[in-house]
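Using the sequences and the accompanying hints, generate a full structural model.
Protein sequence lines correspond, in order, to chains W and B. Residue numbering for the first sequence follows this note's numbering, beginning at 28 and increasing consecutively. Residue numbering for the second sequence follows this note's numbering, beginning at 109 and increasing consecutively.
Don't read these hints as lab results, they were simulated from the structure. What you were told as hints is all true, and nothing was included just to trick you.
Covered, in the sense of this in silico footprint (three residues per stretch, anywhere, with C-beta under 8 Å from a C-beta of chain W), are these stretches of chain B:
hint	segment
1	219-226
2	229-235
3	405-414
Which residues of chain B face chain W? A few of them, derived with a C-beta cut under 8 Å, are:
hint	residue
4	Leu-212
5	Ala-213
6	Tyr-238
7	Leu-396
Pair ranges (Cβ atoms, derived):
hint	chain 1	residue 1	chain 2	residue 2	range
8	B	Trp-409	W	Leu-104	28 to 38 Å
9	B	Pro-192	W	Leu-142	45 to 55 Å
10	B	Thr-417	W	Gly-197	37 to 47 Å
11	B	Arg-215	W	Asn-122	22 to 32 Å
12	W	Glu-208	B	Glu-311	22 to 32 Å
Predicted, not measured: the structure shown is a model, and the values here were computed from it. Even glycine gets a Cβ: it sits at the ideal position worked out from N, Cα and C.
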Amino acid sequence: MDIAPYLLLATLEGLVQASVLMLTALGLSLVFGVMRVVNVAHGEFYMLGAVGAWLCATLIPGHPAISFAVALIVAPLIVGLLAALADRAILQRINYNPEATIVSTIGISYIIQQLTLMTFGPDARAVDPPFYYNIRFPWFGYSSYKFFIIGVAVALVATLWLLMKHSKMGLLMRATQYDRETALNFGIPVGRVYSAVFAFGAMMAAVAGVLVVPNSQAHYLMGHDPLLMSFIVVIVGGLGSIPGTIAAAVLIGLSDGLLSVFFSPTLAKIASTLLVALVLVFKPQGLFGKAGRI
Amino acid sequence: MTIPNKKLFALCLVVLALLFMAQFVLSNYLVLALTRILILAIFAMGYNMLMGYTGLLSLGHAMFFAAGLYAAGLANYYGGVSLPIAFVIGILGGGVLAFVIGLLALRTQTVSFMIVTLMFAQVAYLLTLYFSNVTGGDQGLTLPTASRSFSLFGLAVDLTSPMVRFNIALTLFAVVLIGLFAVTQGPLGRLFVAVRENINRTEMLGFDTYRIRLLAFTISGAISGLAGALYGLMFGFIGSSFAEFRSSIEVLLFTLVGGPGTLLGPLVGTGVMTMLIDRLSGMTSAYLIVVGVLLIVINLWFPKGILGTIRDRWVPWLK
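Here it is, written out as C-alpha cells:
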C-alpha cells in the first residue's frame, strides 16, 4: 500500500479544517484580546451560522449558489446583531467581570442551543454546495468546494488583518485593547467598541458555520467541537495575538487531520486537549509570542 | 471542645432531623427523589467548599464525581471488591485525582483556572469514551445483582430497598455536613475564606496559599468522589454521561442557586433545581433552556443565591 495518497488526503482535509478553525478561533481571540473575556457561547454562534445557511437554502428557491451567497451575508449579520444585543443586555451589566462572564455565556449558549432544538429540531440537515466540481487527482477526486472554503477563509483573514492595521475601527479596537482607561479619556466610546467587537467575533464564527455546512451538516449541537478546538487554538497561539492564532490554527488543524486519518479522532482530541491544559499551566502566554495572559 | 457558631450547628441538626422524619411522611417516589437529592447535595457541598469558601471556580468537577463513580464501580465490576471497600476506593479515587490535577491547575488563577479544569475534565470524559471496552462508554455498565446487597459488621444491607438507600444516603450526608461544619467554621475555614477574600494579603501574613488551595481542592475532590461512588453503587449503574461538561455546570448551578459560601446552600439549591428539572424534563426535551436562563438571571440579580441573600438581609450567622 502506498502511503502518499493518504498523506495528501489527510493534508487536504487538515487544511480545510484549519481554515474553518482559523475563522472561528480568530473571532474568539479578537473578543478576548480587546474585551478580556472568554465567550463560551462562541460555538453557538457558529451553529447559528450553519442553521442560517440551511434556512436560506430552504426558503430561497433556485440555484443553491444564490441562497448560499445570501446566507453568507445575511446569517452573519443577524448573528452579529444577536451578539450585540446579548452584550448590551447581559455582559455590560455584569461589567465584564471575567468569571461572571463565563457563567453568563454558558447560560447564553444553553439558551441558543435549546431554542434551536425547539424550532429547528433534533435532526442533522444537509445543504447543497453552491457548485459541484470534482478536481481529479491521480488517486481520488476532491470537491472543489473545499478549496473554495480555504480561499474564502484566507481572504477574510487578510481583510481582518488590514482592517485592524489600517482602518479607524481597527485603531479604536487596538487603543481599547492597549489601555481601556486611557482610551476612555481620549473620548473613545469604549462601550460601543465592546459591543462591536463582540458582534464582530460572533460574525466570524457565523461565517465559518455557513462555509462548513455544505461540507458537513447543520445540527443544534454542532457548536461544541469548534468551541473546544478554538479554545485550544487560541490558547496555544497566545491569547489575543492574531498571528499566533493563525499559526496555531494551521498547526492544530493539520495535525488533527493527520492524527484523525491515521489514529482515532477521539485520541487526536485527547492529545490536543491535554496539550492545551499543559500549555496554560506551564506557558500561559502561549507557544508563540507574548500576548496577555488570562 | 467548644462548638463555634452554635446557632448554625443547631440548624444543621434540625435539618437532619427533618430529613430523617421525611421518610415516614413522603411517598416512595418522593423518597427516591430525596435520596438522589441528598447524594447530589453531597457533590454540591464538596463543590461549594472550593467555590464558595475558597473562591476557586472550577468548571471540571464532573471529573472527580466520575473518578469516584468509576473507581468504585470498576473495582466492584471487575475486581469483585465488596461494596464498602469499593466505596472507600471511590473516595480515594476522587481525592487522588484532585490532588494530581490540583498540583497542576492551581498554578493558574481565575479564568485560566476555569479553562484548565474544563480541559482536564474534557480529557477525562474523552478517556471514558476511548476506553469504552472497559468502561462501557455511553452505554455504561450495570453492576451485577450480587452487588445489590452486602453485609457490614454482620448486618445484612439490601440496596434494592428504597428505605435502606435513603437512610444510607442520609447517614453519609450527615457525616459530610458535620465534617464540613467543622472544617468551614473552624480555623481552617477562616484560612480558606482569607484566600478567597485577598490571596495576596494572606500570602503576606506568612501562609502558603498554594498549599491551602491544594488542600481545599483535594478535600473538595474527595467529597465529589464520595458522592460519585455512592451514586454508582447505590443505583448499580456507571456511565460516561456523569463525566460530561453538563454535570460540572449542574453542580455549579446547584451551588449558585442555593448560595455559595453557605453551609446549607448546596442542599437548598440541589433540592430546588432537581425538582424543577424533573418537572420540566417531563414537559419538554429542551429543559436545559431553564438552566441557561437561571445562570444568567442569578448572575445579574442574585449573585449570592437563596441562602446568601437571606444571610445578607436577616441572618448573619448563616454561613
